[in-house]
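*Asks:* Kindly produce the complete structure, drawing on both the sequences and the hints.
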Amino acid sequence: MKTTDIVYIKNAHLHNLKNINVSIPQNKLTVITGVSGSGKSTLAFDTLYAEGQRRYVESLSSYARQFLGKLEKPQVDDIKGLAPAIAIQQKVISGNSRSTVGTSTEIYDYLRLLFSRVGKTYSPVSGEEVKKDEVTDVINYITQLPEGGKYILSSPLEWEDKKFPELLKLLKSQGYVRLEVGGRLITIDDLESFGFIPEKGIEINLVIERFSVEYEDEFLQRFADSVQTAFYEGKGICFIKNTETETTRTFSNAFERDGITFLEPTIHFFSFNNPYGACPMCEGYGKVLGIDEDLVITNKNLSLYEDAILCWRGEKMSEWKDEFIKQSAKYKFPIHKPYFELTESQKEILWKGNGDKDFPCLNNFFKMLEENTYKIQYRVMLSRYRGRTICPECKGKRLRPETKYVKINGYSLTDWVDIPLDQLYKIIQDLSLDSYQKKVSQRLLFEINNRLSFLLDVGLGYLTLNRASNTLSGGESQRINLATSLGSSLVGSIYILDEPSIGLHGRDTERLISVLKRLRNLGNTVVVVEHDEDIMKAADYLVDIGPNAGNLGGEVVFEGNFKDMLKNHTLTSDYLNGDKKIEVPAKRRKTKEFIEITGARQNNLKGIDVKLPLHCLTVITGVSGSGKSTLMKDILTPALQRKLGLSGDKPGSFSELKGNIKEIEHLELVDQNPIGKSSRSNPATYVKAFDDIRDLFAKQKLSILNGYKPKHFSFNVEGGRCETCQGEGHITVEMQFMADIELECETCHGKRFKQEILEVQYEGKNIADILEMTIEESIVFFKNNKQDKIVTKLQPLEDVGLGYLQLGQSSGTLSGGEAQRIKLASFLVKGNASEKTLFIFDEPSTGLHFDDINKLLKSFNALIEKGHSVMVIEHHPDIIKCADYVVDIGPEAGINGGQVVFSGTPEDLVKCKKSYTGLYLKDKL
Numbered sequence: 001m002k003t004t005d006i007v008y009i010k011n012a013h014l015h016n017l018k019n020i021n022v023s024i025p026q027n028k029l030t031v032i033t034g035v036s037g038s039g040k041s042t043l044a045f046d047t048l049y050a051e052g053q054r055r056y057v058e059s060l061s062s063y064a065r066q067f068l069g070k071l072e073k074p075q076v077d078d079i080k081g082l083a084p085a086i087a088i089q090q091k092v093i094s095g096n097s098r099s100t101v102g103t104s105t106e107i108y109d110y111l112r113l114l115f116s117r118v119g120k121t122y123s124p125v126s127g128e129e130v131k132k133d134e135v136t137d138v139i140n141y142i143t144q145l146p147e148g149g150k151y152i153l154s155s156p157l158e159w160e161d162k163k164f165p166e167l168l169k170l171l172k173s174q175g176y177v178r179l180e181v182g183g184r185l186i187t188i189d190d191l192e193s194f195g196f197i198p199e200k201g202i203e204i205n206l207v208i209e210r211f212s213v214e215y216e217d218e219f220l221q222r223f224a225d226s227v228q229t230a231f232y233e234g235k236g237i238c239f240i241k242n243t244e245t246e247t248t249r250t251f252s253n254a255f256e257r258d259g260i261t262f263l264e265p266t267i268h269f270f271s272f273n274n275p276y277g278a279c280p281m282c283e284g285y286g287k288v289l290g291i292d293e294d295l296v297i298t299n300k301n302l303s304l305y306e307d308a309i310l311c312w313r314g315e316k317m318s319e320w321k322d323e324f325i326k327q328s329a330k331y332k333f334p335i336h337k338p339y340f341e342l343t344e345s346q347k348e349i350l351w352k353g354n355g356d357k358d359f360p361c362l363n364n365f366f367k368m369l370e371e372n373t374y375k376i377q378y379r380v381m382l383s384r385y386r387g388r389t390i391c392p393e394c395k396g397k398r399l400r401p402e403t404k405y406v407k408i409n410g411y412s413l414t415d416w417v418d419i420p421l422d423q424l425y426k427i428i429q430d431l432s433l434d435s436y437q438k439k440v441s442q443r444l445l446f447e448i449n450n451r452l453s454f455l456l457d458v459g460l461g462y463l464t465l466n467r468a469s470n471t472l473s474g475g476e477s478q479r480i481n482l483a484t485s486l487g488s489s490l491v492g493s494i495y496i497l498d499e500p501s502i503g504l505h506g507r508d509t510e511r512l513i514s515v516l517k518r519l520r521n522l523g524n525t526v527v528v529v530e531h532d533e534d535i536m537k538a539a540d541y542l543v544d545i546g547p548n549a550g551n552l553g554g555e556v557v558f559e560g561n562f563k564d565m566l567k568n569h570t571l572t573s574d575y576l577n578g579d580k581k582i583e584v585p586a587k588r589r590k591t592k593e594f595i596e597i598t599g600a601r602q603n604n605l606k607g608i609d610v611k612l613p614l615h616c617l618t619v620i621t622g623v624s625g626s627g628k629s630t631l632m633k634d635i636l637t638p639a640l641q642r643k644l645g646l647s648g649d650k651p652g653s654f655s656e657l658k659g660n661i662k663e664i665e666h667l668e669l670v671d672q673n674p675i676g677k678s679s680r681s682n683p684a685t686y687v688k689a690f691d692d693i694r695d696l697f698a699k700q701k702l703s704i705l706n707g708y709k710p711k712h713f714s715f716n717v718e719g720g721r722c723e724t725c726q727g728e729g730h731i732t733v734e735m736q737f738m739a740d741i742e743l744e745c746e747t748c749h750g751k752r753f754k755q756e757i758l759e760v761q762y763e764g765k766n767i768a769d770i771l772e773m774t775i776e777e778s779i780v781f782f783k784n785n786k787q788d789k790i791v792t793k794l795q796p797l798e799d800v801g802l803g804y805l806q807l808g809q810s811s812g813t814l815s816g817g818e819a820q821r822i823k824l825a826s827f828l829v830k831g832n833a834s835e836k837t838l839f840i841f842d843e844p845s846t847g848l849h850f851d852d853i854n855k856l857l858k859s860f861n862a863l864i865e866k867g868h869s870v871m872v873i874e875h876h877p878d879i880i881k882c883a884d885y886v887v888d889i890g891p892e893a894g895i896n897g898g899q900v901v902f903s904g905t906p907e908d909l910v911k912c913k914k915s916y917t918g919l920y921l922k923d924k925l
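Quick note on numbering: full-length UniProt numbering labels position 175 of the sequence shown as 175, and the sequence is numbered without any gaps.
Be careful, since some hints might not be right.
Calculated lysine-lysine pairs in the DSS-like style (CA-CA distance at most 25 Å, straight line) [unchecked claim]:
#1 Lys580 x Lys537
#2 Lys633 x Lys658
#3 Lys235 x Lys200
#4 Lys300 x Lys643
#5 Lys563 x Lys581
Just so you know, the hints here were simulated from the structure itself, not pulled from any lab data.
*Replies:* Listed below in structure tokens is the structure:
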């Protein structure tokens with residue numbers, strides 16, 4: 001490679017990087033791989049991206065820099081050939097409940113513009129288009145009339161009886177000659193000579209002109225001026241009356257029809273972040289505090305007759321139910337049909353009734369409770385059924401109801417936001433527009449189609465534009481960021497991605513690779529931190545960091561292409577070329593104990609029945625967006641928590657939970673949410689080892705002399721911590737125009753404690769030295785000093801492959817996969833507990849190298865051998881092939897998913913022709 005064609009990193013030595021030099025080819029797809037904790041992210045994000053960001057800030061004017069603070073220079077001697085860098089990480093985009101898929105991808109902004117420019121408003125009464133009449137509309141009408149016909153152009157006149165004589169004088173002085181009073185033409189002179197004062201309610205029009213129709217340009221030009229005057233005098237209204245037939249045609253430049261005045265579409269009219277466009281009831285959030293349907297009808301398998309409605313049970317309230325049943329025949333309401341089978345119109349009768357305030361419907365029932373809130377039992381009852389519920393005004397669409405009158409090809413914007421993106425893409429492709437609309441919307445449609453096609457390419461066709469950003473997984477967020485970056489079509493940049501294959505089924509990974517190549521072909525350098533075998537194969541260049549994790553990593557063990565890598569002997573290449581492998585279990589565990597969920601129908605699940613075995617390794621798989629998380633996290637987890645008497649969220653819709661539930665005494669959902677809410681949370685505090693370490697330091701001689709207690713060695717409470725940074729070790733500087741940055745605390749220099757606390761030492765190390773040790777080093781240190789209690793708590797962290805982490809590493813710097821494995825280690829610490837626990841893991845392979853997956857599977861087996869049950873939501877073929885039982889949900893994503901494609905062993909899954917998972921699993925078995 002020529003030196004001009006590379007990004008050359010010289011002597012990078014941040015964290016565990018051992019003064020390495022790396023060459024990354026420009027305008028190519030490069031994958032940085034290696035075991036977890038070897039230093040990949042440090043090289044890609046903390047060195048390459050951080051330096052790109054710093055240089056960008058340095059290039060700004062001194063005025064702009066004063067708002068941006070000072071960015072630390074990464075620990076690297078030099079980076080040559082560096083272009084502007086863009087990092088796309090696995091963070092959920094926004095916690096803001098107003099942020100949606102549509103706003104974060106900018107598609108919604110283009111749609112707002114499209115509807116405000118080419119949308120047509122239709123009256124809900126007649127269904128006809130609402131238009132403002134312009135002068136040209138009146139001229140066009142005239143030219144269709146027969147030539148020579150006699151007509152009057154007039155405007156409505158506003159008047160007051162006392163001031164009528166003065167009004168006549170004024171009109172005369174302005175050159176007007178006639179009025180039309182009650183349908184008769186009379187000159188102003190005659191009216192004045194009679195001393196005419198009109199009666200109340202009489203219609204008076206000002207005659208602008210009497211004319212006979214001509215088609216000559218001169219006449220039409222002059223007549224256009226008269227029409228302009230007529231609109232002005234009539235405050236937007238004018239009439240053309242045929243004097244022979246006495247028929248009148250009214251023109252109005254007000255935006256109204258059928259007696260309704262409509263709002264004119266503007267870009268703010270379609271924005272739920274603007275008070276003008278937001279639904280007045282929910283203020284653009286889509287949800288309000290109201291009566292929650294799921295609390296009123298907790299079991300949707302029951303019918304009205306079987307007491308489905310919770311608040312209508314009991315002697316007094318059942319009168320409402322009885323009264324409703326009496327009236328049900330009149331409305332053909334099926335009282336014996338389960339609630340979930342009712343049609344929308346039947347549910348409407350139950351909730352809203354027939355419009356009569358005495359009808360025994362649910363809304364009237366709750367209205368009655370609200371009117372009687374002076375009685376405590378009614379107040380208690382009301383509070384029991386209140387919750388965050390979909391706004392009844394906008395039905396969760398966030399916009400004011402009037403926006404649905406503006407349509408393009410029969411669709412309003414509120415129709416489009418709830419259609420899955422793959423269907424929306426087809427609708428927009430097939431729009432039929434007239435020549436004016438085509439001209440105006442050409443650029444907008446190009447941008448919308450472009451962005452939609454990128455979202456489909458990264459496998460997100462099952463999402464809708466109205467989906468809140470804070471409900472997306474880390475992988476979905478990252479792919480939305482990726483699609484947004486593609487949509488902006490930047491050239492000559494460095495894109496750095498953090499495991500974009502997370503949460504992707506093998507089928508969708510192929511699409512992702514084509515997107516990454518497209519980003520490269522635009523003229524960008526794409527650097528991906530990744531463990532996925534398919535993405536490594538597709539890369540132009542590979543950099544393998546290792547050989548191991550933590551202090552044993554941080555070196556470049558290989559640079560080159562995939563073919564050369566297979567010939568090499570690194571930990572990664574050993575797994576790729578088959579020298580090492582994750583072994584398929586010799587035999588699958590068989591069990592007679594199952595739990596079963598029947599009638600699961602939340603989101604896109606199609607009322608499915610799923611059997612899940614206990615005391616073995618069960619994997620739930622399927623393409624991204626098929627309904628796995630809905631089944632396991634939204635239905636099974638909360639339903640089991642309630643059954644076990646644990647507090648949990650409200651479960652999604654299902655019929656019944658049955659089976660050997662006695663075999664489960666406790667439930668743990670191990671997801672990728674950070675450990676602890678605070679950035680001060682770390683691995684040592686999470687596994688409770690830090691409590692013992694603090695006790696140890698409090699027993700040292702200097703501590704006893706100074707009266708230091710264990711709390712003085714905590715950075716969470718006042719006493720021994722540095723108060724400048726409050727024990728964080730760094731200070732966060734809020735940036736006006738960029739992401740916030742963190743700078744080392746100038747008082748404690750990142751040590752977190754006061755100087756006098758750091759003087760207390762144990763075996764030559766102070767509390768900050770201990771926290772800076774890796775887990776691996778600390779285990780050796782405490783073992784040598786006979787601190788078995790601490791070693792017992794730290795050992796599981798090393799067993800799950802986290803020996804490279806620092807004891808005091810902030811939870812904010814851990815990846816989702818690392819946070820998950822720390823949780824797993826904390827359960828292994830408590831694992832000897834006699835309670836039989838069901839563990840549900842959400843994609844535990846996130847961020848894991850092949851070697852770490854081997855360790856993870858050993859941890860799973862250790863849990864199962866202790867009598868626990870493990871269920872895993874996963875796409876990784878190496879974990880699926882080691883499962884005792886697999887449930888494949890699909891066959892597709894979104895509305896084309898939500899069905900059980902297969903249940904059984906991995907060997908049988910491979911034979912299932914309908915399953916995409918079986919197709920990608922063949923090579924592994």
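*Asks:* For every hint, state whether the structure bears it out.
*Replies:* Now the hints, each set against the structure:
1. Lys580 x Lys537: Roughly 18 Å between the alpha carbons, so the hint for Lys580 and Lys537 holds.
2. Lys633 x Lys658: holds, 17 Å
3. Lys235 x Lys200: Roughly 21 Å separates the two Cα atoms, so the pair holds.
4. Lys300 x Lys643: Measuring from Cα to Cα gives roughly 17 Å; hence the hint holds.
5. Lys563 x Lys581: holds, 19 Å
Checked against the numbered hints above, the structure breaks none of them.
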